[in-house]
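> Numbering that gives the first Met the number 0 puts the first residue of the first sequence at 0, with every later residue one more than the last.
These aren't lab readings, by the way, just hints derived from the structure by calculation. Beta carbons: idealized from backbone N, C-alpha and C, even for Gly. There's no promise every hint is true.
Unchecked claim - Subject to a maximum C-alpha distance of 27 angstroms in a straight line, what follows is the list of computed DSS-like cross-link-like pairs (lysine-lysine):
no.: 1; residue 1: K844; residue 2: K824
no.: 2; residue 1: K363; residue 2: K319
no.: 3; residue 1: K119; residue 2: K468
no.: 4; residue 1: K547; residue 2: K515
no.: 5; residue 1: K835; residue 2: K855
no.: 6; residue 1: K866; residue 2: K824
no.: 7; residue 1: K319; residue 2: K179
no.: 8; residue 1: K515; residue 2: K479
To be verified - Label pairs and their in silico Cβ distance ranges:
no.: 9; residue 1: W658; residue 2: F314; range: 53 to 61 angstroms
no.: 10; residue 1: K332; residue 2: A304; range: 26 to 34 angstroms
no.: 11; residue 1: I123; residue 2: I686; range: 39 to 47 angstroms
no.: 12; residue 1: T338; residue 2: A304; range: 23 to 31 angstroms
no.: 13; residue 1: N752; residue 2: K391; range: 53 to 61 angstroms
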Amino acid sequence: MELTKNFEPKAVEDKWYKHWLSQRYFNSKPNSRPAFTVVIPPPNVTGVLHMGHTLNETVQDILVRRARMSGYNACWVPGSDHASIATEAKVVAMLKEMGIDKNSLSREEFLKYAFEWKEKYGSIIYNQIARLGCSVDWDRTTFTMDDHYYQAVIKVFIDLYNKGLIYRGARMINWDSSAKTALSDEEVEYKDITGKLYHLRYKLDTGNEEYISIATQRPETIMGDTAICVNPNDERYAHLKGAHAFVPLINRRIPIIFDDYVDAAFGTGALKVTPAHDINDYNLGLKHNLEVVDTINEDGTMSAAAQIYVGEDRFVARKKIIKELLEKGFLTKEEEYTTRLGYSQRTGSVVEPRISTQWFVKMKELAEPALTAVVDGEIKIHPVDKFLATYKYWLENVKDWCISRQLWWGQQIPAWYDEEGRMVVAETEIEAKEIFNIQYSILNAQLKQDADVLDTWFSSWLWPMEVFKGITEPGNEEAKYYYPGSVLVTGQDIIFFWVARMVMAGMEYEKQIPFKDVYFTGMVRDKLGRKMSKQLGNSPDLLELIDKYGADAVRFGIMVSSPAGNDLMFDENSLEQGRNFNNKIWNALKLLKMWQDRQSSDVNRETSASTPHDSLLTTHDFAIDWFENRLNKVKAEVDSLMKQFRLSEALKTIYSLIWDDFCSWYLEWIKPGFEQPVDAGVYNKTINYFEELMQLLHPYMPFVTEEIYHLLKTQNDDLCVKQFASVKTVDEEVLVQGELLKQVISAIRDSRNKNQLKPKETIKLYIETASKESYSSIESILSKQVNADELSFTNEAIANAIIVAVEKDKFYIKTDKELDTATLKDDLLKDLLHQKEFLASVKTKLSNERFVQNAKPEILAMEQKKKADAEARIRTIEESLSTIS
RNA sequence: GGGAGCAUAGCUCAGUUGGUUUAGAGCAUCUGCCUUACAAGCAGAGGGUCCGCGGUUCGAACCCGUGUGCUCCCACCA
0 MELTKNFEPK
10 AVEDKWYKHW
20 LSQRYFNSKP
30 NSRPAFTVVI
40 PPPNVTGVLH
50 MGHTLNETVQ
60 DILVRRARMS
70 GYNACWVPGS
80 DHASIATEAK
90 VVAMLKEMGI
100 DKNSLSREEF
110 LKYAFEWKEK
120 YGSIIYNQIA
130 RLGCSVDWDR
140 TTFTMDDHYY
150 QAVIKVFIDL
160 YNKGLIYRGA
170 RMINWDSSAK
180 TALSDEEVEY
190 KDITGKLYHL
200 RYKLDTGNEE
210 YISIATQRPE
220 TIMGDTAICV
230 NPNDERYAHL
240 KGAHAFVPLI
250 NRRIPIIFDD
260 YVDAAFGTGA
270 LKVTPAHDIN
280 DYNLGLKHNL
290 EVVDTINEDG
300 TMSAAAQIYV
310 GEDRFVARKK
320 IIKELLEKGF
330 LTKEEEYTTR
340 LGYSQRTGSV
350 VEPRISTQWF
360 VKMKELAEPA
370 LTAVVDGEIK
380 IHPVDKFLAT
390 YKYWLENVKD
400 WCISRQLWWG
410 QQIPAWYDEE
420 GRMVVAETEI
430 EAKEIFNIQY
440 SILNAQLKQD
450 ADVLDTWFSS
460 WLWPMEVFKG
470 ITEPGNEEAK
480 YYYPGSVLVT
490 GQDIIFFWVA
500 RMVMAGMEYE
510 KQIPFKDVYF
520 TGMVRDKLGR
530 KMSKQLGNSP
540 DLLELIDKYG
550 ADAVRFGIMV
560 SSPAGNDLMF
570 DENSLEQGRN
580 FNNKIWNALK
590 LLKMWQDRQS
600 SDVNRETSAS
610 TPHDSLLTTH
620 DFAIDWFENR
630 LNKVKAEVDS
640 LMKQFRLSEA
650 LKTIYSLIWD
660 DFCSWYLEWI
670 KPGFEQPVDA
680 GVYNKTINYF
690 EELMQLLHPY
700 MPFVTEEIYH
710 LLKTQNDDLC
720 VKQFASVKTV
730 DEEVLVQGEL
740 LKQVISAIRD
750 SRNKNQLKPK
760 ETIKLYIETA
770 SKESYSSIES
780 ILSKQVNADE
790 LSFTNEAIAN
800 AIIVAVEKDK
810 FYIKTDKELD
820 TATLKDDLLK
830 DLLHQKEFLA
840 SVKTKLSNER
850 FVQNAKPEIL
860 AMEQKKKADA
870 EARIRTIEES
880 LSTIS
């Protein structure tokens, strides 16, 4: 069989993904095996997957595949999120480009466009998930606006309303004037900006030319001023009790009020109070019973109530007002000022505090069980130290959740109003009428449904339940079997939006936690540490990366440098490393195939009898024994790392096992001479090891491993579902001997290098050791690996040889080449100095009485051994030095 | 303003209850190799005041205090 020079991922990926799907390996149905349930954090249908998703999906696939190979009935549910505001904003923008104004469309017409959008981007996302190799159960694909899901959301709304946990009220909310909707507190992102603080003087109503100065960042809101507030203890203003002032430009007469809230030291010590446009002012207004004048429309333009600049955008109006205030002598001072401004997470526009009637969820009651579940450790957070405090703090200080959005894309609020504004909550219009009849004795009332939809997160919080129809068909078989989920993998940025709320919903509706473990991945940044963003153009395209490096390499690259919860500096370099790893494995396969071919041709020629079978096996006994133990040791290590969710470390461990232990050491140790056949027993063992290595790596790199598994020999199963064998016990002594062997080989090779011996030049090796027998099983490997054509033991120093000391043994290298004795001597002297310093430090420790008294016995014994070893080593070096002239 | 996390080789990070640590890995660097699986490779090597200071301890990268520098979260100071 002819194998390509390098591993070629493309065809392989396609072939195996199709095969896995056709075998329905990823499909799950409840059965007698334990369930391993993972629900994907549904990506928004606003666009394509970015590197953050890639990391997330990869982590989930690793966990799910490993569970599937470890006796679990693994079920990974894929899906997507309708992402109300973000998607609606994109659809509106798309329509605008097509020359269509959203307002010219009916709700139904608009939703048709939105669903088209969802189909398009949803399928792009699903395709990306598939290309990455994710083993999701496609039959279970769920969208947060699917019919049953829609029903679930409505059902929960009505239920919480009936329980008194949802209410409607006029509050100061965060207003996104570009999307024209309310936002929850969590959807507001604050950024530091440098703005200006304007000092304005308001004329006092005293009949004289007296003024009071205030400081503001928002001069365009003065038309909404309904008071000026000063601190009651501020002597500067004490005389103004009961006084009034006039708002500049519009001359509204407003009172001077007194409240502790005002900081006398800030600005001028006087605050203009604009209850309609500032949350603090709003609270002051409530307290002092002030009028509320709303001067800004829902689209961010000045309203009729502003009297001037009506219809102009608030930021345009600001500039004009400043100019006018200056011209008319009201603006007395401008200063630079840094402040924090809120921006809409979804549209990026400046958030406007605004009073409006919205729907809210009371959070205190729901938060309590969610807090307990995590604090008591029923749900385990990884890494715990980093996020437990954050989670706790938020839940302990949780505020009511504004859930209504003035949009069309989402679940429409099931509240119905009659012409007089009377309201009932019901699933359908018919039910609403019935309730109206009961409550108000009105038959067949004319009802209108609330125009608003619900916050996206009000649907996502039901995700772990409703993907199994746990809300719409409570207690169904699947929900009982798959809920609670095993592990949730998500970004730390949505701990409040999503994670905490899923726990709340789970505790409320299933009386059970939604998942046992939460694994937080860090944020993916570029290699300069910047966030990935469209503006910077530093976010690579996933499919391009897969085309360039292969899906396995992408998965490797993103996992290899990705510790849990820490940000990951994404660098294509590591994908290259992944691609190289693919090749390394591929080439090991080629080597084995070569051996196989040679073997079969030998068998054909019936010359295998001439192979000194027994002696070969003895020669390779040690290599086989060693690798078998090494393999089992690493399998146990990987097990333990996976249990602790240390996925990156587990990958590195497997990588090193394959590259270093298997390829660099083991394969070289058993490699037959030039054009020699390999022993059949050794060959078969090696194939088995290779298989096990592929199995171990499979969750991380599914395609290359499945391909190689099938190329190694004819298989009647697939690696994808091959169950892990239990880990065998490890003979540590063999491993120790293996380490010694490696150490000796490296030391001699180093010495060869330093003495500029060419790889092809052979040496004669003499070993001076107290335990010859420990070399009997490894001497043939040793001589081959250091290219010695002769190996023998000696009891005395060999003259004119290079001397290498490892532990207590000495190795003499004889060569025809002229030796650079000066360098040899130098190296030995350096080593001697080092050993002496070390010995001194150990001696100091051992002569410390308190150390000897307090240290644990095994520590003490170790120090004694260190001392003995160092002393022996020093003797060896000194003897060696004496042989060099 | 409040809170959390981080600081270890040029870079990205490991380092598990303080003692097999004379602090490891990968990448990068340097040296030598076109050795017939692999130059996307092989064989080696160099590289660190474990952020500064103080303390606890027989013993500190690890525990405590403090300073500095980053990062993130929360919060209504015009």
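> Each hint: holds or not?
The hints, checked one at a time:
no.: 1; hint: K844 <-> K824; result: violated (30 angstroms)
no.: 2; hint: K363 <-> K319; result: violated (45 angstroms)
no.: 3; hint: K119 <-> K468; result: holds (25 angstroms)
no.: 4; hint: K547 <-> K515; result: violated (37 angstroms)
no.: 5; hint: K835 <-> K855; result: holds (25 angstroms)
no.: 6; hint: K866 <-> K824; result: holds (24 angstroms)
no.: 7; hint: K319 <-> K179; result: holds (24 angstroms)
no.: 8; hint: K515 <-> K479; result: holds (15 angstroms)
no.: 9; hint: W658 <-> F314: 53 to 61 angstroms; result: holds (59 angstroms)
no.: 10; hint: K332 <-> A304: 26 to 34 angstroms; result: holds (28 angstroms)
no.: 11; hint: I123 <-> I686: 39 to 47 angstroms; result: holds (41 angstroms)
no.: 12; hint: T338 <-> A304: 23 to 31 angstroms; result: holds (26 angstroms)
no.: 13; hint: N752 <-> K391: 53 to 61 angstroms; result: holds (57 angstroms)
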